[in-house]
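This is what each chain is made of:
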Amino acid sequence: MRLNLILYVVLIFFAIATVNSEHQYRNNYSRLDIEKKTTSELRDEKTKLEVEESDKSGNQRIQTIASEKLRMYPPNKKEIRVIK
Amino acid sequence: MINTRKKHTEFFELSKLRRRFVLIMILSLFFALFSRAIYLQAMQKDFLQKEAKNRSDRNVLLHAYRGKIIDRNNNVFAVSTPVQVITANPSIFEASVKKRIKLARILSLSRRDLERRVQKKKKKVFLNRQLSPEKAAQVMALKIPGISSNKDYKRFYPAKEVAAHLIGFTGIDGYGLEGIELHSNKLLAGEPGYKKILKTEKGRIVDDLQDVKIPRDGQDIQLSIDKRLQYTAYRALEKAVEKHAAISGSAILLDVKTGEILAMANYPSYNPNTKGKSKDFIRNRVVTDTFEPGSTIKPISVSAALESNSIKPHNIIDTSAGYYKVGRSFVRDTHKYGKISVKEVIQKSSNIGAIIIGEKVKPKYLWNTFNNFGIGQKTGVTFPGEVGGKLIHYKNWRKTDHQSATYGYGMSTSLIQLAHSYTVFANQGNIKSISLLKTKDLTLGRRVISKKTSDEMLGMLESVVKDGTAEHAKVNGYRVAGKTGTSKKVGPNGKYESNYIGSFVGIAPVSNPKFVIAVMIDAPSIGSYYGGTVAGPVFSSLMAEALKIYSIPQDGFTERNEQKREVKPDSII
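So the sequences go chain by chain: F and L.
So the mapping is simple: this note's numbering equals the position in the first sequence, first residue as 1, plus 143.
So the mapping is simple: this note's numbering equals the position in the second sequence, first residue as 1, plus 578.
No lab work stands behind these hints, which were simulated from the structure alone.
Only a predicted model underlies this, so the values are computations on that prediction, with no experimental measurement involved.
A hint or two may mislead.
To be verified - Okay, the calculated beta carbon distance ranges per label pair:
{"id": "1", "chain 1": "L", "residue 1": "K764", "chain 2": "F", "residue 2": "L185", "range": "49 to 57 Å"}
{"id": "2", "chain 1": "F", "residue 1": "L150", "chain 2": "L", "residue 2": "L639", "range": "18 to 26 Å"}
{"id": "3", "chain 1": "F", "residue 1": "Q203", "chain 2": "L", "residue 2": "Y1074", "range": "36 to 44 Å"}
{"id": "4", "chain 1": "F", "residue 1": "A209", "chain 2": "L", "residue 2": "K857", "range": "52 to 60 Å"}
{"id": "5", "chain 1": "F", "residue 1": "E211", "chain 2": "L", "residue 2": "L639", "range": "44 to 52 Å"}
{"id": "6", "chain 1": "L", "residue 1": "Q716", "chain 2": "F", "residue 2": "A158", "range": "25 to 33 Å"}
As the list claims (entries may be wrong) - Below, in silico cross-link-like pairs of lysine-lysine (DSS-like), each with a Cα-Cα straight-line distance of 30 Å or less:
{"id": "7", "chain 1": "L", "residue 1": "K1044", "chain 2": "F", "residue 2": "K179"}
{"id": "8", "chain 1": "L", "residue 1": "K1092", "chain 2": "L", "residue 2": "K1044"}
{"id": "9", "chain 1": "F", "residue 1": "K189", "chain 2": "L", "residue 2": "K791"}
{"id": "10", "chain 1": "F", "residue 1": "K199", "chain 2": "L", "residue 2": "K791"}
{"id": "11", "chain 1": "L", "residue 1": "K773", "chain 2": "F", "residue 2": "K212"}
Glycine included, every Cβ here is placed at the ideal spot set by N, Cα and C.
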């Protein structure tokens, strides 16, 4: 009778532990899924920044700023001095 | 005491009737539950399991990211950016007139088009497949029943027209349709996966039942192209094509040490980010179009003659007649040059001189030399649509074929082949394989002509730029070698048209060659049509930029050894 009672308590304990473990697994899996979504979002954000960087460093833009804003121009032959 | 205990027991003891009633009730309850359980487990099993699966299990497509295409300095040429796919379920779509107008405006659709789509008898219709996330948020804020938004990816090309022919584009399904996107589609695309998951009623994923297939992201592809030089090439072509009102222009820049292609541009071009690309401008003419190379082939003919000892550099060629009979027609030079040296044949681009020299070389030897220079063969870059050109086999040559081949007629090459063939003169007689992908190691070459012949040819080609037909190809501060070409266009019916193709292929710096550039201008109609005038300036500006960007030391101010080696001419041919 006493042994049965002990076994019953052990059974209850492991049953609760199993349920708890399954619950934790599902919680963790849910968190992992959220992290994966965050990774994907960060990846998209990185792509956006790369595109923005590419746009900002575009040759056409640099040329326009250099000529119109900074009034730069390629030097002509008279302005070039070659140091031998 | 005993009496009290008895009274207490009688008090709690239920009557027989009540006990039976309670027992029957409990048993009936158990029976009902048991019957229901059997009914659900046995009779409704399949239906319930299916319903449960439909509510909780989901087959989710796992997206594989398409790889980026970047230039040799990690600048982005093609990248996948997130977009939203807006769909509607016409059976439950319901919106007021005000909301419909707003929706059509955000989706960039006409009101009529929107109505036509939402009235279709389908469960799902696409309203916009590539909407920006910001605009998609505006759509969802309208809270219209039946409208849903899902994430997808759209290819974006920051270089726009500048590298369109090279990079190509993808279709709406993300499959490469042109250029590198098509060439390397398998590597770029990766493989999408899918898995079965368990979802809560709130849509949170709590378990994956089985990983059916893990996605494999696409690889990034690093090209050998330098974005800065690509831009310069495109702008220089744009200027030349507009100035001479030409049909198109193409240019390619090769690093002769590594065989890498640093720029490959065409004008006119198209914007790969927009819809409605004209078919006329999609071709990468550098690799897909062939033309008769004309005078740009003469250095190869002359090097065949030098290599076979058919002539010596100091021989004199008599072109004083001013014409030469080839079959039934006469080939002429632009001027009567008289008795000229082998070097002057190249420098002045004498057709008669080239024929006289070429006739001294046996057809088999001449054909083999053309073949070894890569004429009539694909270059090995495996770009979609690349053509091999045409070089008739020497066994099928008539006398006129032999003669016309010496000055670049009766054969066809692509611009990439022409540039590749000139790397022989830049690499001391060796030809190296060329690549569109960035390479780290120096590649080994295959000997085509001896170093002596190659050096002699380089000297002759330098005289073309210094005192010959390619004055516009000069680069300030550098020694440049090259050859102009002006050939009549061959029409679709195989007959010559009235238009010309002006080309120039050049090498710099001559003291230690680093770059080869080939330029082709198709049908210039305003001003000159000569290769030196129309293609020379494009070469000059692109080469100047390449030499500046790669900090190549100037060699144009040193004494040239070539002048010291000048020998007096002797025998007249």
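Now for the hints, and whether the structure bears them out:
1. L:K764 - F:L185: 49 to 57 Å: Since the Cβ atoms of L:K764 and F:L185 sit about 27 Å apart, the hinted range of 49 to 57 Å is violated.
2. F:L150 - L:L639: 18 to 26 Å: Once the Cβ atoms are compared, 48 Å apart, the range 18 to 26 Å for L:L639 and F:L150 is violated.
3. F:Q203 - L:Y1074: 36 to 44 Å: Holds, at about 39 Å.
4. F:A209 - L:K857: 52 to 60 Å: 36 Å, violated
5. F:E211 - L:L639: 44 to 52 Å: Hint holds: Cβ distance 48 Å, inside 44 to 52 Å.
6. L:Q716 - F:A158: 25 to 33 Å: This hint is violated: roughly 51 Å between Cβ atoms.
7. L:K1044 - F:K179: Answer violated: L:K1044 to F:K179 is near 64 Å, above 30 Å.
8. L:K1092 - L:K1044: Between L:K1092 and L:K1044 the Cα gap is close to 19 Å, so the pair holds against 30 Å.
9. F:K189 - L:K791: Holds, at roughly 26 Å.
10. F:K199 - L:K791: 39 Å, violated
11. L:K773 - F:K212: 55 Å, violated
Consistency with the previously given hints fails for numbers 1, 2, 4, 6, 7, 10, 11, ordered from lowest to highest.
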